[in-house]
Amino acid sequence: MLKYSIKRLLESLVTVLIIVVAVFLLMRLMPVEGYFGDEYAKLTQEMINRKLESLGLFDPPLVQLGNFLGDIFTGNLGVSTRIQIDVPVTTILAQKVPVSAAFGVVSTFISLILGIALGVTQARFKGKFMDSLGTGYIIIINSVPPLVYYFFIQVFVSDWFNLPMRYDGDNPVSWILPLISMSLGSIAGNALWVRRYMVDELNKDYIKLARAKGLPYKYIMYRHVLRNAFVPMVQYLPVSFLMTIGGSLLIEELYAIPGMGNLLVQAVQKQDNNLVQVLILIYSTVGIIGVFIGDLLMMVIDPRIKIGSKGGAR
Amino acid sequence: MDEKKVQLTDQELFSFVEFDRRKSEDTGYSDYSYWRSVLRSFAKNKFAVTLLVIMVLLVVFAFFANATARFGIEDLNRNDKLVSPNATFWFGTDSIGRDMWARTWYATTISLEIASIVTFVCVIIGIVIGCIWGYVRATDRFFTEVYNIIANIPQTVYLILLTYIMEPGMSTLIISMCTTSWLALARNVRNLVFMIRDREYNLASRCLGTPLYRMIVKNLIPYLVSVIILRMALMIPQVISLEVTLSYLGLGLPSTMPSLGALLSQGRTKFQDYPHLLIFPALIVSIITISFYLAGNAFSDASDPRNHV
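Protein sequence lines correspond, in order, to chains V and L. Under full-length UniProt numbering, the first sequence has 125 at position 125, and the numbering climbs by one with no breaks. Under full-length UniProt numbering, the second sequence has 47 at position 47, and the numbering climbs by one with no breaks.
Where hints are given, some of them may not hold.
[What the hints assert, rightly or not] Dumping the calculated DSSO-like pairs for lysine-lysine here, alpha-carbon to alpha-carbon at most 30 Å:
| hint | chain 1 | residue 1 | chain 2 | residue 2 |
| --- | --- | --- | --- | --- |
| 1 | V | 218 | V | 126 |
| 2 | V | 126 | L | 44 |
| 3 | V | 218 | V | 51 |
| 4 | V | 42 | V | 126 |
| 5 | L | 46 | V | 128 |
| 6 | L | 23 | V | 128 |
| 7 | L | 270 | V | 270 |
| 8 | L | 46 | V | 126 |
| 9 | V | 270 | V | 96 |
| 10 | V | 218 | V | 128 |
| 11 | V | 204 | V | 126 |
| 12 | L | 218 | L | 44 |
| 13 | V | 128 | V | 208 |
| 14 | L | 218 | L | 23 |
| 15 | V | 213 | V | 128 |
Since the hints were derived computationally from the structure, they do not count as laboratory data.
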């Protein structure tokens with residue numbers, strides 16, 4: 001397993017490198033006007049050149065790439081060039097990541113607990129009223145564009161319960177609505193998975209045996225069914241927790257939460273090359289590591305699963 | 001059957017029978033037709049059929065309503081700004097006096113057009129790439145790498161680059177949505193192909209030297225029909241949602257071409273005082289996406305031969 005882990009990590013390194021280089025090259029294809037914004041038309045050619053030179057854009061792309069990668073390897077993430085001029089990227093991240101991560105982690109916990117509870121209830125009362133109710137919820141959440149029900153929550157629910165419509169760091173009551181909006185989607189996702197796996201699992205022979213032995217239904221549900229149904233979900237847990245640092249774009253925008261959500265979009269729009277590159281580097285590394293941890297976790301939890309070996313013909 | 005076997009004497013069992021051409025062609029008669037069975041089991045699901053009818057009516061009506069609109073989508077009614085729905089303006093007017101009835105239905109057709117084109121393109125790319133990815137082992141590493149790379153580059157980068165190369169407009173939006181939306185389907189198809197590629201019938205087929213193209217079209221794709229239909233039906237709501245999100249971020253269509261997403265994001269600012277700006281687009285988008293989702297699920301169940309009686 002150690003050998004497999006090392007091999008896989010080295011492969012991931014190459015993938016991350018390719019992603020960063022691809023983004024780097026794409027950003028260099030962007031129009032020059034993008035570096036200036038509205039004042040572009042008023043500037044003289046000389047001023048434009050001076051600015052571009054100060055951004056280091058006249059160096060050959062390979063030199064720029066080399067500089068960027070060299071800085072990264074020495075732990076220097078550089079400065080933002082357009083969003084918050086000359087502020088180190090680490091400072092920006094230190095401001096924004098905790099906010100997004102806090103919201104994300106709490107909402108991931110909420111959606112795990114409620115999602116599993118809903119899924120278990122649905123599987124237990126399969127075909128009954130509770131099941132249809134849950135299915136209705138899942139269908140609506142999965143098909144209606146998130147923006148529509150985010151609006152709905154922000155405008156109506158805030159009115160009904162007299163909750164603030166904007167985020168305020170010092171007022172915990174204002175955190176409720178964003179958290180609810182953030183969790184709704186993943187509750188539906190988790191419930192869908194749990195229900196499906198539990199229904200699959202309930203039809204298996206060992207469950208029949210357990211029932212024949214006379215074990216109580218609740219015991220079978222929690223000790224056998226839920227545990228086995230949980231295995232495939234474990235794989236996604238690390239990614240969903242780690243990716244919370246990225247924040248939620250729409251919700252942070254709607255509630256004016258100073259998080260990571262729209263940083264990447266803004267950085268791309270304003271062509272803050274260094275910031276974009278660093279963000280992509282972080283997101284892709286975190287994403288790939290998350291999947292890797294998920295695979296390892298799955299192997300630990302369920303010893304039957306072996307990912308490293310090639311396995312049989314099928 | 002068993003009784004007959006017992007009654008046969010050794011002589012009957014081991015003597016040569018004369019060749020009878022008619023008997024050699026003799027098989028049990030079956031009037032099983034795949035698509036007819038699909039339709040029959042779909043028709044049994046009354047709820048899904050109702051939704052499908054609603055959806056079709058809505059879509060037809062959207063195109064038809066464009067013709068009935070009394071005002072153009074860009075006509076300004078300067079004296080009638082932010083009017084609530086009434087006899088003249090059936091869905092009211094927006095903040096500069098444009099008729100929401102015309103705009104909403106026009107936006108519906110635009111969103112549907114985008115969704116269906118993107119879905120169609122992505123399904124084709126997804127199936128072709130997914131089949132090759134799953135079936136040809138040598139390409140697995142390559143496509144996995146491509147998948148990782150494309151999935152990790154944010155869509156905003158493509159969108160801005162494309163709007164730089166081309167005019168901002170529908171085709172730009174469609175192309176940029178296509179660059180990422182096929183990934184999930186391709187991966188899904190790949191995993192399924194992985195599961196069935198070494199089943200005995202495929203092994204036999206390969207031993208007989210069946211060419212790659214025929215393997216994919218005749219041996220693999222029929223297995224995937226129900227999954228593909230499900231994905232297709234789910235993709236339309238997803239594309240509409242994506243378009244709504246992109247429009248909200250200001251990365252969507254130019255303002256002369258309102259889509260449902262653009263209407264929703266415009267309606268938001270004045271929503272509390274003028275709910276009609278948001279409710280009609282939201283209602284229409286919800287009806288369309290929910291019906292697609294449910295009807296698609298039902299149709300996918302119906303297209304799985306295991307559910308045919």
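Structure-based check of all given hints:
{"no.": "1", "hint": "V:218 to V:126", "result": "15 Å, holds"}
{"no.": "2", "hint": "V:126 to L:44", "result": "21 Å, holds"}
{"no.": "3", "hint": "V:218 to V:51", "result": "69 Å, violated"}
{"no.": "4", "hint": "V:42 to V:126", "result": "67 Å, violated"}
{"no.": "5", "hint": "L:46 to V:128", "result": "19 Å, holds"}
{"no.": "6", "hint": "L:23 to V:128", "result": "52 Å, violated"}
{"no.": "7", "hint": "L:270 to V:270", "result": "28 Å, holds"}
{"no.": "8", "hint": "L:46 to V:126", "result": "21 Å, holds"}
{"no.": "9", "hint": "V:270 to V:96", "result": "18 Å, holds"}
{"no.": "10", "hint": "V:218 to V:128", "result": "18 Å, holds"}
{"no.": "11", "hint": "V:204 to V:126", "result": "16 Å, holds"}
{"no.": "12", "hint": "L:218 to L:44", "result": "29 Å, holds"}
{"no.": "13", "hint": "V:128 to V:208", "result": "21 Å, holds"}
{"no.": "14", "hint": "L:218 to L:23", "result": "29 Å, holds"}
{"no.": "15", "hint": "V:213 to V:128", "result": "26 Å, holds"}
The earlier numbered hints that this structure contradicts are 3, 4, 6.
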